[in-house]
Amino acid sequence: MASYLARRLTLAIPVLLGILFVTFSLTRLLPGDPCRSALGEKATDEICDAFNDRYGLNDPIYEQFRIYISDVLHGNLGESLKFGRPVTELMVERLPVTLELSFFAMLFAVTVGIPLGVISAYYHNSSIDVGTMIWANIGVSMPVFWLGLMLSYVFGVVLKDTPFWLPPTGRLTAGQSIEPFYVAWGLNVDGDALTLPGFIANINTLNALLVRDWDGFVDAFKHMVLPAIAVGTIPLSIIARMTRSSLLEVLGLNYIRTARAKGVREMGVVVKHGLRNALLPVVTIIGLSLGSLLSGAVLTETVFGLSGVGRILYDSITGRDYTVVQAFTLIIAVFFVFINLIVDALYAYLDPRIRLE
Amino acid sequence: MTEENLLEIRDLKVHFEIKSGILKRTAGVVKAVDGVDLDIRRGEILGLVGESGCGKTTVGRAILRLVEATSGSVKFKGRDIFKLSSTEMKPLRREMQLVFQDPYSSLDPRSKVGDIVGEGLRVHGVTDRKERYRRVLEALEMVGLQEPHMRRFPHEFSGGQRQRIGIARALVVKPSFIVCDEPVSALDVSIQSQVLNLLKDLQQELDLTLLFIAHDMSVVEHLCNRVAVMYLGKIVEVAEREELFGNPQHPYTQALMSAIPIADPKVKRERIILPGDPPSPLRPPPGCRFHTRCPEAIDICSQEIPQQIDLGRQHLCACHLRQPEPDAVQQPA
Amino acid sequence: MESTDQSPEVQLAAADATVISRPPKSLWRETLERLLRKPSAVVGLVILGTLLFIAIFAPVLATHDPLQVLLDVPEEGVGKRDKPCIHLFGCPGAGDSLFDATAASDIQMAALSATNSLISATSGNTITIWNRGSGKKLMDLQADQPIFAIDWSPNDQKILGITEDEVIVWDVNRRQIDRTLENPGGATLVKWNADGTRFLTASDRRVDLWDTLSWGVVSTIELESDLTEVAWNGNGTLVMTAAGRQVQLWNVFTGTAVTTLEHENPVTSARFNRGSTRIVTTAGTTLHVWNAASFAEERVIEYDQPLDNAAWSDDLSRGVERVMATSGNTGLMWSSRSGELLHEFDHGAPIEQIASSPLATRIFTKSEQLLRVWDATNGEHILSQETDGVLTSTAWQTNGGGILVADGDAVNILKTSDRQYIMGIDGNVRDQFSRVIYGTRLSLLVGLTTVTLAVIVGTISGAIAGFLGGWVDNVIMRIMDVMLAFPSLILAIAVVTVLGPGLINALTAISIVFIPAYARVARSGVLSVKEEDFVTADRALGVSQVRILFRRVLPNAMAPLIVQATLGIGTAILDAAALSFLGLGAQPPTPEWGAMLGAERNQVFTAPHLVFYPGIAIMITVLAFNLLGDGLRDALDPRLDR
Ligand SMILES: Nc1ncnc2c1ncn2[C@@H]1O[C@H](COP(=O)(O)OP(=O)(O)OP(=O)(O)O)[C@@H](O)[C@H]1O
Ligand code: SF4
Ligand SMILES: [Mg+2]
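Chains as they are written, first to last, in the working numbering: chain A, 7 to 363; chain B, 100 to 432; chain C, 17 to 658.
A few of these clues could be false.
What the hints assert, rightly or not - Simulated restraints, written as ranges between beta carbons of each label pair: (1) A:LYS88 to C:PRO374: 36 to 46 Å; (2) A:ILE144 to C:LEU464: 16 to 26 Å; (3) A:ARG60 to C:ARG195: 55 to 65 Å; (4) A:GLY90 to C:PRO200: 50 to 60 Å; (5) A:TYR355 to B:PRO374: 30 to 40 Å; (6) C:PRO571 to B:PRO247: 45 to 55 Å.
Stated by the list, open to error - Footprint (simulated), chain B over chain C, 3 or more residues, beta carbon under 8 Å: (7) 539-552; (8) 581-595.
Unchecked claim - Straight line, CA to CA, 16 Å or less: simulated EDC-like cross-link-like pairs of lysine to aspartate or glutamate: (9) B:LYS211 to C:GLU46; (10) B:LYS211 to B:GLU194; (11) C:LYS152 to A:ASP167; (12) B:LYS182 to B:GLU107.
These are computed hints drawn from the structure, not numbers from a lab.
Ideal Cβ positions, reconstructed from N, Cα and C, are used throughout, including at glycine.
The following block holds chain A by itself, in its conformation from the complex:
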C-alpha cells in the first residue's frame, strides 16, 4: 500500500509542475503589457521599467518560471490588484464559505443519491426506477446557476409566508451573528495566530456548534440549504446513476428478480451484500464529482450572494484581477489533484487488486 501511494505521488509531480506551468503562462500570455494593465494606460516608461524590474518581468522566461515556482512553494501567491492584499489572505477568508457549501452539497448528494440508487436498482425497471433515472438525467442536464436562481425564486418568493420559505441569499439573516468560538471560549488570539481560528470561525455552522448557538446554527444552516441543493444536484444524479448501475452489476438482474419475488424484506440483503461492493465505483464518482462541485460553487456563489472562492473568482474575472484568477486556478487544480490521489488511495484500499496492477 505504501509503495502504491509513493508511486501515485511521484506520478503527481509532473502533473503539478504542468499545472504550475499553465497558471504561470496564464499571466504571461495575457494580451497587452502587464505593467500597463496593472498600473493603467498612462504609466510612463520609467515607471514601467521599475515595475518590470520589481516583478522580475525583465528576467529570462525560465528564470521567471523558477521564481514563480519558488514563490508558490513559499506560499506567496501574489497580491490582489483590486484588494491590495495578499491572495493567501483572501483565500483564508473565502475558503471556509466554499468548504461549507461543498460539504453540505456533498452531504446532500450522498445521503440522497445513494438511497435513490439503491431503491432504483432494487425496483429495477419499475416506474420508480424509470422515474428516478429520468430525474437523474434531468439533474445532470440543468445549468447549476439556473437551478440556483429558480430555487431562490421558488423558496424565497413563491413560498414566502409559508413554512417552506428559505432565505434566498446571504449566509446569515441580517442582524443575526454568531460569536466566534475563540471569543466565546475566552481564547486570547490575534494577529497571525488568528488565521486558523478565524478560518474555523468563518465556517458558520461549525462555529455555531462550537459555541452551542442553536438559533445561529439553524439560521446558518437554512442559508446553506438552497445553495447546497443547487450545487449538489449534479453529483447527486451521477451518484444515483452510478450506485444503481453498479448495484445491478454486482447483484445480477436475476437475483433482483428473485429478491423481489421473495418480498420486501430482501431489501436488507440487497443493501448488505450488494452495496458494499457496489460502492467502489461510487467512491470514485464522489471524488471526481468534486471537480463539478467546485465549478458549481463558482457559478452558484454569485447567485446566492455567498462570498466564497467562486465569488472572488467571478469578481476578479470581471475586474481583471489576474493574480487572483491565477492563484485560485492554481489552488483549485492542486486541490483537485490531491482529491484524486485520495480517491485512488481509497480505491486501492477497498480493492486490493488495483495495488498490484
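We have chain A; now place chains B and C with the ligands onto it with these hints.
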C-alpha cells in the same frame, strides 16, 4: 543452404522487455523464443506444437517480421529478411502470409469481405478495380465462397466461413509460404476438418509451404509432413510425421503423445502426467528447460543445455539422454 | 480429429457456405436499429430533431428580430414587469384586464407611479396603493382633509398631495407622511418636475414653484385670467401656463415670463411635445404649433368647429410627429409637418380626453362613460369600453400595453391589443420568445463546433500517442494529464481570461478543455484495436502505417468516441452557457441562452420568466444529447454483441 529449404531459422531469439514504473525501467525479460533453429522445406507442411505460452506464435510472427527478433536470422529463399529495410521487405510480404487463430478478431468488422480480401492486392500494386475484383473472386471461390459474399460484412458469417475468408485474404496475393497459427482451434470440431482439408487441398494445388502451428497433436498428425515440438522457447524435437509419432524420443514429446486420445478403446497407452506447471519464460530454468518436470531428468540436465542432435532419419532431438544411433552418425546433417 | 474422409467434406463446405440467410446489413444500421429500440434514445432523437427544426426555421418561428429593441412595433402584450403569459391560449387579449382592484369608496383620481410598478387611487381623505405586478394592496395613506390632487415623484418614492390647507409629502417606502407644508392659497393642483427637484402648486390665478431642498416656495406666478393649463417642460427649467388668450413660458428661478404666445381666441388647451421642443395649442377653431425654443409659430391649422384637448402623438426617433385635438364627438389627428388631416375618430360622445401611447402607436379617446382605443397609424378602431359609473381618470401605461382606467370605486388596466409576447419582454425591451428561439441555433452550433474541434484534435493526438507509443505517447499524454488536473470549467475560465471574453474565444477555450477526454478515449481505443489480428494481417500484407491507422484502427476505435462526443455536446453547451453567464462568452445582445440568463439574473424575483425560459431551453437541449449519448452507449456496447 540447401535447395530444398524455403526457410532457414538460425538461433532465433525474441525477448520481450517488461517495463514498469514511470522511469520505464526494464523489470524483466520474457524469453518467449530463446534460440530456435528450424528448417522449413519447400512444399511441406511443418507442424509446430507445444503447450500454450511456449512461443509458437512468437516464432511464426518473428518469421514474418511482425515482431522484432532480438537476434538470430531467418533466411527466406536465401535472403536474410532481418537485414532488409521495410521497403525491401514489402515485396517479400506478398510471398509470406499469415492465417490467424481467432476468426472473429482477424477480420475488420467494418469492412466488406471483398475489401478485406482485396486489401492485399491494393497494397501490392493491383490498381485496376476489375482485375482486383476478378482475383478476389478467384480467391474466395478457391476457399468455397461465392460472389455475393463479397458485399457482406464479417459478422454475417459463421466461424468456419470467416476462417475461409482469412485464408482467402492470405491466398489472394499468391504467397509461397503461409504461417497458419492454430487456424482451427477456435472452431467447432465438425468445422475443423473442413478447414483442415481445405488447407491441405490448397497446399497441394498451389504448391504452398505451410508452417502449421497447433497445440493439438491429432490435428498435426492429420495434416503435417513434418513436426517440430517446442518447449519454453526452444525446439526440443523435429522429425518426419511417421518417425515422430511412431518413435518419439524427447521425454516431453513422449508426454505429449501419451495425452492423445485413442479411438480404439482396446489399445491402452500409458499416460505420462507431467508434474507442475510450465515455468515462466521470465525466469526459464537453467540447463535443460524441461528438467523441472522431466520424469527422466539426471544431474547434468539442470546444468547444461542439451544440444540438438540428429538421431538419424532426419530426427533431431535436444536431450542429454538421447544419443544418435551409430549408423546414423555418418549421414550428413 | 478422426474423420479424414474426403467425401462428406465437400457437402459440409457447401452447407457451411450457405448458412447465411440474413440480408446484408451494415453494422451502422444494426446499431441504429438497436438505438431505436431504446425509448429514452428515441425521446432524445425526437427532441434533437425538433431543436434542429427550430434552429433552421428560427426566422420563421420567431415573432420578432431577436436583436431588435421593440420601438417601432406596437407597444403591447405582456411586458417586462407583467406576469408572463405561458400559454398561447388563455392569455389576456384586447379588452381584458391586466390589473383589477377596488378602492373603499368612489375614486376621484387614479394614477400610475412613474415606473408603473405602483398604482394609486385617491378617494376622499385616502390614497390607496397597490403593487401593479402582484395586484396586492400595499397601503392606505391618510390626510386630514379631502385630497384634491396627487402626483407621484419620478422615482416612485414620494407622493405629493394637496388638500384645502396643506401640501402633503408622503414617503411611500415608510408608508407615512414625510412632511406637511402649508397650502399657499387655494391651490388644487400639484405637479413634480421631471427630476423631482421641484414641484408646483396651482390655483385658478396663481402658480407657486417649490424646491425640495428648502421645501419652500421659490417663486410665484400671478395670472390675469383663469388657468386652463399648467405644465413643466422636460428638464424642469420652464413652466408653461395657458390662461385667457395667452400661453406663457416662465423662468422657474426668477418667476418671470420668458415669452408670451398670443392667440386671437381664448386658449382651450396647450401641450409640450415629448422632447419639450414644441408646443401645440388650441384656440377657437384653430390649432397652433409653436417652436418652444424660438417661440415662432410653425403651423396653424384651421378647422370648421371649435377645438379643444390639444395633444401630441409623436416619436421623433421614428420621425413620427402628429398633433391631435378634439371637437365635440370627434377626435382629430394631423401631421404636424404637413398640416394634413390624417384621421378623424368618431367617438360617439363628447370627448374629454385624447391621448397617445408613449411610442405613438395607439391613441385613446375618452368621454364620460366611454373609452375607445384607436390605431394611430391607420386610424382603425381597436376596442371600446363602456362603464356604468363615471370614468374619472385614464392614462397610458408607459409600455403602452394597457390603459389605467378608474370608474366608480374600481381601478383596472385595460389591455389594448391581442398581440402576445409569449415569454415576455426582456430588460432591453426585446422579445424574449424570439431570443430563445434564436438561442437554439447558437447553442447547437456551439455544442457541435466545440465538440467537433475537440474530437478532431483529441482523436488525432490520442490516436498518434496510442499508435506510435514510446516518448510521443508519453509527451502527449502527460500534457493531457495536466489539462485534466483542472476542473474543466475552471480551466475554460482561465483560458478565456487569457483570450479575452467573447463567443469565439469561449468556444476555443471549451474545445481546448475537452481535448484530453477525447485523446484518452481515442488512445485507449487505438491501443486495444492495434493489437487486433486484423491489424496484424494488414501489417503482414505490408499496408502502410498511416493507412492502417486511419483506415483500420481509427474506424474501429470510433464507437466509444461517438458516445463520448454525444455526451460531450451536452457538457459543452452547459459550459458555454456558464461562461456566457459569467460574462466571458457570448456578449449581449447576442441571443445566447447563458448570456440571457446572465443579463436577467437580477430580475429573478421580479420577472422570473425571463430566467426560466432560457434555462429550460438549455436543460432540454442538454438532456436530449445526454439521452442520445446514453442510448448510443448501450447500442454500441460490445457486451450486447452476439
Ligand atoms: N508483446 C509481448 N510482450 C510481452 N510478452 C509477450 C508478448 N507476446 C508474447 N509474450 C509472451 O511470450 C510467451 C510466448 O507467447 P506466444 O504467444 O508465442 O505463445 P504460444 O505458444 O503461441 O501460446 P498459445 O498456444 O497460447 O497461443 C508468453 O509467455 C507470452 O506471455
Ligand atoms: S535433457 Fe534431461 S531434463 Fe531435459 S529432457 Fe532430457 S532428460 Fe529430461
Ligand atoms: Mg499462440
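Hints versus structure:
1. Checked against the given bound of 36 to 46 Å, the beta carbons of LYS88 (chain A) and PRO374 (chain C), roughly 41 Å apart, stay inside it.
2. For the hinted restraint 16 to 26 Å between ILE144 (chain A) and LEU464 (chain C), the CB-CB distance of approximately 22 Å keeps it satisfied.
3. For ARG60 (chain A) paired with ARG195 (chain C), a C-beta distance near 58 Å keeps the hint of 55 to 65 Å intact.
4. Taking the beta carbon of each, GLY90 (chain A) and PRO200 (chain C) are about 55 Å apart, inside 50 to 60 Å as hinted.
5. The hinted range of 30 to 40 Å is satisfied by TYR355 (chain A) and PRO374 (chain B), whose Cβ atoms lie roughly 39 Å apart.
6. Between PRO571 (chain C) and PRO247 (chain B) the beta carbons are some 24 Å apart, a value that contradicts the proposed interval 45 to 55 Å.
7. Coverage of the region 539-552 of chain C by chain B holds [criterion: at least 3 residues with CB-CB distance below 8 Å; count 4].
8. Under a criterion of three residues with beta carbons nearer than 8 Å to beta carbons of chain B, the stated coverage of the region 581-595 of chain C fails, only 0 such residues being counted.
9. Taking the CA atoms of LYS211 (chain B) and GLU46 (chain C), the gap is about 15 Å. The hint holds against a cut of 16 Å.
10. Note on LYS211 (chain B) and GLU194 (chain B): the hinted pairing is violated, with a Cα-Cα distance of about 24 Å set against a maximum of 16 Å.
11. Distance hint between LYS152 (chain C) and ASP167 (chain A) is fulfilled; the C-alpha atoms sit about 14 Å from each other, no more than 16 Å.
12. A threshold of 16 Å between alpha carbons decides the hint, and for LYS182 (chain B) with GLU107 (chain B) the separation of about 14 Å falls inside it, so the pair holds.
When each numbered hint is compared with the structure, violations occur for hints 6, 8, 10.
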